[in-house]
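Undergrad: These are the residues of each chain, in order.
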Amino acid sequence: MKWHRIWAMVVRHLRQLPSDFNKLSSIVYWPFLDIVIFGFVGSWVDTFTMLDTTRLILITNVVLWQIVVRADFGVSLNLLEEIWAHNISNLFSTPLTIWEWICATFIEGIIMLLGITAFCVAVVYGLYGYNILSLGLWLVPIIFLMFLSGLSIGFFTSSLLIYWGARIQTLAWMIGWIFAPVSGAYHPITVLPECLQTVAHWLPLYYATESIRILLLDENPNPTMLLLKGYSLILVYLSLCIALFVTMFNFSKRRGLHRLKD
Amino acid sequence: MQLLNVRNLTKQYSENCIAVNNISFSLERGEVLGILGSNGAGKTTTIHMLLDLLTPTSGTITYFGKNFHKNRSESLQKIGFATTYARLPGHMTVYENLDIYGRLYGLNAHQRKTKITELLTMLEVIDLQNRQAGELSAGETTRVILAKAFLADPEIVLLDEPTASLDIDIAQAIREFICHQRDKGVSFLLTSHNMHEMTQVCDRIIVMQNGTILADSTPQQLAGNVSHAFLQLVLDDQQLEASIAYAERTNTNYQTLGPTITFEIDEHAVAQTLINLAQNGITYTQISIKKPTLEDYFLSITQKGKRL
Numbered sequence: 062m063k064w065h066r067i068w069a070m071v072v073r074h075l076r077q078l079p080s081d082f083n084k085l086s087s088i089v090y091w092p093f094l095d096i097v098i099f100g101f102v103g104s105w106v107d108t109f110t111m112l113d114t115t116r117l118i119l120i121t122n123v124v125l126w127q128i129v130v131r132a133d134f135g136v137s138l139n140l141l142e143e144i145w146a147h148n149i150s151n152l153f154s155t156p157l158t159i160w161e162w163i164c165a166t167f168i169e170g171i172i173m174l175l176g177i178t179a180f181c182v183a184v185v186y187g188l189y190g191y192n193i194l195s196l197g198l199w200l201v202p203i204i205f206l207m208f209l210s211g212l213s214i215g216f217f218t219s220s221l222l223i224y225w226g227a228r229i230q231t232l233a234w235m236i237g238w239i240f241a242p243v244s245g246a247y248h249p250i251t252v253l254p255e256c257l258q259t260v261a262h263w264l265p266l267y268y269a270t271e272s273i274r275i276l277l278l279d280e281n282p283n284p285t286m287l288l289l290k291g292y293s294l295i296l297v298y299l300s301l302c303i304a305l306f307v308t309m310f311n312f313s314k315r316r317g318l319h320r321l322k323d
Numbered sequence: 436m437q438l439l440n441v442r443n444l445t446k447q448y449s450e451n452c453i454a455v456n457n458i459s460f461s462l463e464r465g466e467v468l469g470i471l472g473s474n475g476a477g478k479t480t481t482i483h484m485l486l487d488l489l490t491p492t493s494g495t496i497t498y499f500g501k502n503f504h505k506n507r508s509e510s511l512q513k514i515g516f517a518t519t520y521a522r523l524p525g526h527m528t529v530y531e532n533l534d535i536y537g538r539l540y541g542l543n544a545h546q547r548k549t550k551i552t553e554l555l556t557m558l559e560v561i562d563l564q565n566r567q568a569g570e571l572s573a574g575e576t577t578r579v580i581l582a583k584a585f586l587a588d589p590e591i592v593l594l595d596e597p598t599a600s601l602d603i604d605i606a607q608a609i610r611e612f613i614c615h616q617r618d619k620g621v622s623f624l625l626t627s628h629n630m631h632e633m634t635q636v637c638d639r640i641i642v643m644q645n646g647t648i649l650a651d652s653t654p655q656q657l658a659g660n661v662s663h664a665f666l667q668l669v670l671d672d673q674q675l676e677a678s679i680a681y682a683e684r685t686n687t688n689y690q691t692l693g694p695t696i697t698f699e700i701d702e703h704a705v706a707q708t709l710i711n712l713a714q715n716g717i718t719y720t721q722i723s724i725k726k727p728t729l730e731d732y733f734l735s736i737t738q739k740g741k742r743l
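Chains as they are written, first to last, in my numbering: chain G, 62 to 323; chain H, 436 to 743.
Quick list of in silico lysine to aspartate or glutamate cross-link-like pairs, EDC-like style, CA-CA up to 20 Å:
hint, chain 1, residue 1, chain 2, residue 2
1, H, Lys-513, H, Glu-553
2, G, Lys-322, H, Asp-487
3, H, Lys-725, H, Glu-702
4, G, Lys-84, G, Asp-95
5, H, Lys-619, H, Asp-588
6, G, Lys-322, H, Glu-570
7, H, Lys-513, H, Glu-590
8, G, Lys-63, H, Asp-487
9, H, Lys-513, H, Asp-487
10, H, Lys-501, H, Asp-487
11, G, Lys-63, H, Glu-509
12, H, Lys-513, H, Glu-466
13, H, Lys-726, H, Glu-702
14, G, Lys-84, G, Glu-142
15, G, Lys-314, H, Glu-450
16, G, Lys-314, H, Asp-487
17, G, Lys-84, H, Glu-570
18, H, Lys-619, H, Glu-463
Hints in this document: simulated from the structure, not taken from any laboratory.
Can you build the whole structure from these sequences, using the hints too?
TA: What follows is the structure, encoded as structure tokens:
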């Protein structure tokens with residue numbers, strides 16, 4: 062692996078950002094709208110419950126969910142952009158390897174993560190006067206767990222896109238949201254049927270959102286065990302999803318990467 | 436010195452679909468090797484296997500004396516590729532796009548700037564460097580992608596239909612650019628439908644049909660395999676009738692178009708035919724003799740293939 066090739070791919074996608082209205086709007090517009098809608102829904106629910114925690118939990122988890130979705134889109138849209146641009150043949154006829162492309166996606170994801178987190182924190186503070194960062198250092202492993210979950214979903218989706226191409230591109234927007242109901246981001250998983258609760262327990266996302274609840278509700282919060290479970294799962298899932306992506310990339314090469322056009 | 440050696444390369448998609456069937460060839464330093472063939476002959480499939488965009492079913496590819504699949508990145512560092520069928524990300528400018536490829540090949544900032552400016556100037560698209568790639572015409576995109584292929588001073592350049600769908604003057608400029616690069620020692624492997632282009636640019640041509648190599652020789656030798664020539668005469672009406680009668684009497688293939696008759700004869704029998712026409716009292720106002728070309732050879736073998 063060569064660093065200059067990894068960095069070239071990071072630059073390629075970051076450089077496109079300012080002039081790509083579609084991508085820019087997906088990074089800024091949807092998180093903003095989600096925070097506005099669920100912030101006010103939470104405020105409304107708090108008026109019934111006479112508590113002030115629903116809004117805080119909802120807003121914090123919605124922000125974290127944006128990290129999942131944007132990390133997911135970051136991977137799958139990076140691939141789709143190359144397919145739409147008929148650029149796959151150009152890229153992979155250079156010395157660039159698929160592992161370098163994966164590393165570049167990871168680095169770009171971290172840069173975007175910092176940007177999106179800062180944007181969401183600022184919006185939440187501006188609209189509701191609530192500083193998410195006041196949750197302290199526990200936020201770091203929780204945010205990173207959400208980020209890795211998003212990457213896993215993104216690599217899973219991309220493993221389908223790299224084989225079937227743009228004709229299944231809708232999956233890029235669909236697959237991530239399948240996990241929303243069982244992630245615990247928008248509501249506690251206790252409201253779910255038992256079978257879905259079982260599914261939730263196998264998802265690292267649940268351990269991240271549950272950790273947020275503990276941080277907001279407990280007097281002496283310590284989500285260590287939850288996070289350990291979450292990280293154990295995500296390491297397995299991320300490894301499997303990346304392995305699947307590389308395998309599907311090699312399968313796709315058997316049919317020819319040149320056929321991946323929009 | 437052989438820069439590329441291909442041995443028994445095969446691509447089989449299914450039991451009934453063999454795109455490339457056990458082909459072998461090599462490319463020497465400074466050589467321009469053309470792959471000629473009709474649609475579906477296996478030209479592009481071969482190029483894609485040579486770039487690792489498509490995994491071969493069997494066979495070996497050796498670049499610079501090393502196995503390609505074990506030394507993929509090292510080999511591709513010295514190989515440029517351009518195709519008419521690819522595009523570039525439309526939201527970035529021409530310069531930004533080429534800059535990314537310069538980075539992928541490991542050029543530093545100064546090298547990238549110098550090389551991009553030099554290539555865009557040579558290909559007469561320097562004025563487009565700040566234009567978004569999505570706004571370019573097909574011809575402009577082809578020239579920018581061609582510039583991409585030469586960014587890292589490659590030793591081998593693979594070109595897939597480099598002048599397809601381009602205006603005549605632009606296509607000629609690109610052919611001259613290729614010849615200029617060849618003179619600097621770059622080796623080329625290119626596919627094209629354009630026989631004139633292949634004759635003008637290639638030192639050697641491989642003719643492919645149905646995934647196999649039918650011939651591998653110089654354009655002149657391939658054309659020399661066709662033994663017939665075309666003798667074209669322009670005559671008045673009376674002489675035209677006499678010449679038709681002569682052709683039918685001597686069992687010579689001919690075609691007429693207005694006052695013109697074209698005889699298809701053995702290229703060594705041109706002089707004798709002219710003597711015979713004179714002896715039969717046939718006079719003409721204009722004469723032209725068309726020697727066999729690469730196109731005639733290609734048509735002769737592909738038609739033979741169809742008959743088979």
